[in-house]
Amino acid sequence: MAKRIDVSGLNVYYGDFKAVEDVSMTIEPRSVTAFIGSSGCGKSTFLRTLNRMHEVTQGARVEGKVLLDDLDIYGADVDPVMVRTEVGMVFQKANPFPTMSIYDNVIAGARLNSKRMSKSEADDLVEQSLRGANLWEEVKDRLGKPGAGLSGGQQQRLCIARATAVKPSVLLMDEPCSALDPISTLAIEDLIHQLKENYTIVIVTHNMQQAARVSDRTAFFNLSAPGKPGKLIEMGETNQMFTRPEQKETENYITGRFG
Amino acid sequence: MNTTTTQPSGAGTGSPANEMRRGSLPNHFPAMLLASCAAVVAGILLAFSSFGFLLWGLLTAVAYVVIIATASARVEGGRKAKDRLVTAVVYGCFLVAMLPLVSVLWTVLRNGIVRFDGYFLSVSMSGVLPSMDAGGVYHAIVGTLAITGMATLISVPIGVMTAIYLVEYAEGRLKRIIIFFVDVMTGIPSIVAGLFVVALWMILFGPGETNGAAGAIALSVLMIPVVVRSSEEMLRLVPQDLREASYALGVPKWRTITRVVLPTSAGGLTTGIMLAIARVIGETAPLILTTGSSATAINWNLFDGQMMNLPVFIYSQVRMGGAVNYERAWAAALTLILVVMLLFFLARIIGRMFAPKTR
Chain R
396 MAKRIDVSGL
406 NVYYGDFKAV
416 EDVSMTIEPR
426 SVTAFIGSSG
436 CGKSTFLRTL
446 NRMHEVTQGA
456 RVEGKVLLDD
466 LDIYGADVDP
476 VMVRTEVGMV
486 FQKANPFPTM
496 SIYDNVIAGA
506 RLNSKRMSKS
516 EADDLVEQSL
526 RGANLWEEVK
536 DRLGKPGAGL
546 SGGQQQRLCI
556 ARATAVKPSV
566 LLMDEPCSAL
576 DPISTLAIED
586 LIHQLKENYT
596 IVIVTHNMQQ
606 AARVSDRTAF
616 FNLSAPGKPG
626 KLIEMGETNQ
636 MFTRPEQKET
646 ENYITGRFG
Chain V
58 MNTTTTQPSG
68 AGTGSPANEM
78 RRGSLPNHFP
88 AMLLASCAAV
98 VAGILLAFSS
108 FGFLLWGLLT
118 AVAYVVIIAT
128 ASARVEGGRK
138 AKDRLVTAVV
148 YGCFLVAMLP
158 LVSVLWTVLR
168 NGIVRFDGYF
178 LSVSMSGVLP
188 SMDAGGVYHA
198 IVGTLAITGM
208 ATLISVPIGV
218 MTAIYLVEYA
228 EGRLKRIIIF
238 FVDVMTGIPS
248 IVAGLFVVAL
258 WMILFGPGET
268 NGAAGAIALS
278 VLMIPVVVRS
288 SEEMLRLVPQ
298 DLREASYALG
308 VPKWRTITRV
318 VLPTSAGGLT
328 TGIMLAIARV
338 IGETAPLILT
348 TGSSATAINW
358 NLFDGQMMNL
368 PVFIYSQVRM
378 GGAVNYERAW
388 AAALTLILVV
398 MLLFFLARII
408 GRMFAPKTR
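So the sequence lines, in the order shown, correspond to chains R and V. Counting in this note's numbering, the first sequence runs from 396 upward without gaps. Counting in this note's numbering, the second sequence runs from 58 upward without gaps.
Rather than coming from a laboratory, the hints here were simulated on the basis of the structure. Here the structure is a predicted model, which means the values were calculated and not measured. Every residue gets a Cβ at the ideal spot worked out from N, C-alpha and C, and that includes glycine. Keep in mind that a hint or two might mislead.
Listed next, the in silico DMTMM-like pairs over lysine to aspartate or glutamate satisfying Cα-Cα at most 25 Å (straight line) [stated by the list, open to error]:
#1 V/310 to R/467
#2 R/413 to R/467
#3 R/510 to V/301
#4 V/232 to R/450
#5 V/310 to R/474
Partial selection, computed: residues in chain V whose CB lies under 10 Å from chain R [said to hold, decoys possible]:
#6 228
#7 299
#8 300
#9 301
#10 303
#11 304
#12 305
#13 308
#14 309
#15 316
#16 317
#17 320
#18 321
#19 323
#20 412
Next comes chain V alone, as it looks inside the complex (with noise of 0.2 Å):
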């Protein structure tokens, strides 16, 4: 691989000892051919003025596939030139997987940076009307954090607990069927939660009745599968080796768990239930149904009338369709992902502060 002479493959006949050398391409070949494909697709597509980014990209990247798996199999042999093709397949789809993804940022945060600034993080739509060119979206950062702050609250405990259950005690019968419900659960569509609290909310106080509470409500029937797949999993990961030497030394089985089955997935606890968290906070249909979608002023009280979050705020704001609206509605979106992103932020530091050492 590390030399950079070019010998045909036809070189090296006759005895073993030259069987075994094979000529190779030098070093920055495959660099170097991507760049001129790349400039000679741009060159023939322009010169039929048919030049667009999508069509540039696939033909550049078919250009090059063919090119390299030919010249690897004329130059290097069969094994290498299936080697260099399916590398460079797997480098496409990565780029292709990634496009979406980086597009979706960049849009976000060129359109929400139109009206994200202190301002908008600050104030809530209390007295605004949709049309004028003030308010902002601190009410819904209030809702978001306190309703998901409820639902993981209510979720964590029971998930964690039922993965507990299903790994250290569990068996026959009734772990089968724990685990299929959860499944069940876990294949829930969203509003399905909302109404199914909206029906529990109209028997305990009656019609009309929409508050905090019951948004954080449906996000947890939304969110606990997830905390106990999760969960499940990492203390599945813990060695059973660590219990039994607990075990040995004299300590009952409720003590091994937790005191060396917790803190030894504790980081793993925690990244399972950071994605769960990410799974509901841009729920939005379940809130738009328990929360109300027409708060505008600023409710810490999950228990006292209705309660605006971001992904309800960034729904409602698109619904009335003026420009202001559009540029409030991108600004909550890009905040909506710096929360999540900050939360991520904190689960990798809070899984690096638990994770065994080994120096």
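The following block holds chain R by itself, in its conformation from the complex (with noise of 0.2 Å):
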């Protein structure tokens, strides 16, 4: 299920602007990878381009080559809303439907491309799904109440659930506990623990500790000035990267000197 991402020579741009600059790396199956950084300095950005999520935003184009197993995702006959369901994402803010139940949010991926689905299926997905994501106890007698009523790391969770509901190969997470408490956080760091027997898991966080904590390997971005693009400073094993990191800038970043 989890799928190996091969990333070469990228560059990202939004207009004449390049946000991030030759950028190579390969994401192992099964494994947590973390990106960790300074703000602005791309890495979200990067994360974005692996689901050609940047699109969005426009103006964005991508150069180089991103590999999902054999496929390259940025190939001419290769339509960007498969790419997503392939690779699945959550966000930083959690973002339910509003205007769904915790059941519909967490079958969202089915219902809104009008998949056939017999009500024995769906209830077996949300639950399925719903404790994937350690949600389902907490839940499970309110199933048909708004997403929006839960808590935050409640609706953190249901984004999870219901990005593993359309059974993804890679979850990508963009700081997903950067707005939760410690206790909720814990509870998404165990929850990512869990996912990585299944998923490939490429995390962006702020917090070193937390990097430390769930990733198996950690890739550090930086930028030389202001203004200029981002790029990928140095990445390996998260324990080798924390405690000898091979560049200068990557232990000042670690242990909080910059410049």
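These two chains come separately, so use the hints to put the complex back together.
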């Protein structure tokens, strides 16, 4: 189910502005890869190119290659909509659909695409996805209630359940815990540990401890000066990155010394 | 604010703790002051036997504002005095703004109620001479509902789809051009819209052809820009997060729009459409030109002959000038206001049904 991502020579532009320059990396299946780096260094932008979500922004374009196993997702005959069913995404701010119940939110991927599904199939998918997101016990008695009525941490887990319900092979998470309290954060980190059994997970985070706790590999992005494109400085095993980084820049960032 | 002790501002000086203490006027002071101002002003005016409601209200307001500002400045200090002053002025402006509205409603209600009954609502003017004490407004209600209904059916799809295009798809030059022309359309005088349709009908059907459909087209010319602008605002209020959440589930753009964006903004869209209907339902000039002003019988067919409607009914009754005509005009005006209020009531219910819920 989980797939490998191979990126080579990727440049990302917004109009004439080059936001990310020459990134090449391999993201292993059934592992958690963390992207760290200061704000504006292009890590979120780069993350969004992995499921072509950057195309939602006007004028955004990409040069280079992103392989999902053997498929180039930027190939001429590849439909971005299909890419997104394979590569799901969880956002910084929990964004359940306000017009839908908890139940409908979970199966939104199928419902919005008008997939035919029997009642029992739908029930099973909802229960399985909510259990997978460690939310089932908390909401099983109020599945018909609006998703927007849950707490922030529950909403974020609802969004994870919604993302996994379309059965993607990769899950991208863009600072999923930055708006949550420590207990909700712990719940999500535990969940990430379980999810990596089945998915390739990429997580952007500003929290270095979180990167150290959840990830197997870490990539550090930085930009040489404001207005310059962001670059991948170093990528390696998380343990090694946090104890013996190869680049001086990485060490400065991780230890809190800059420049 | 909650303390009722009156204390001169000079009392607490010295330590910083005392600097923070201020005297305050008693809670009931503004109400008492207003009442006594009104009483004193009324007394003075009556003494000079020049009492008038407008003068009374104006002088009371001035006296109240001056006294409360001065009293507050002495007791509570400058910032609170400004607060009191601005509060008084804002309330005053609110009352002034409400005056014409209440006055209009009251006048229409008082004059309209004379003839407003089941008979008036359920019969037409067919076979009724203008000066007879008979006849009603049923044919005009039918016309107003049919013409406005058709105008809505034309304007809402065009308007909402234009708004969707502007918000979700358009970029660059074409977008600016469309927005510019929609703004220009908003400013078209309604009589010009009527003339436009008269000219169009002249070309299509020859001279002298008047029917309900012509009126509906004229109204939709006025209605479309209003629907576009209000729908555009509502669609822009839908958070970008929700669109991205939908895309990230592998949902194509058109389904995201129809299944996420439109339902989320449905309440606002309904309100906007209702406001647009209210904008055109009272239009008179274009309808006189396009639907004729002499129909007296009930006509449900938009494509066959003249069609009476409420605004034109009011206009033509007033033109006739007899006492009974004025009564009919007022009663029809009351009917029109009630129809609009009914529509707004419906809009609120529909809006509430669609509104996103949290529990």
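Now for the hints, and whether the structure bears them out:
no. : hint           : result
1   : V/310 to R/467 : holds, 22 Å
2   : R/413 to R/467 : holds, 22 Å
3   : R/510 to V/301 : holds, 20 Å
4   : V/232 to R/450 : holds, 20 Å
5   : V/310 to R/474 : holds, 12 Å
6   : 228            : holds, 6 Å
7   : 299            : holds, 6 Å
8   : 300            : holds, 7 Å
9   : 301            : holds, 6 Å
10  : 303            : holds, 6 Å
11  : 304            : holds, 6 Å
12  : 305            : holds, 4 Å
13  : 308            : holds, 4 Å
14  : 309            : holds, 5 Å
15  : 316            : holds, 5 Å
16  : 317            : holds, 6 Å
17  : 320            : holds, 5 Å
18  : 321            : holds, 6 Å
19  : 323            : holds, 8 Å
20  : 412            : holds, 9 Å
Checked against the numbered hints above, the structure breaks none of them.
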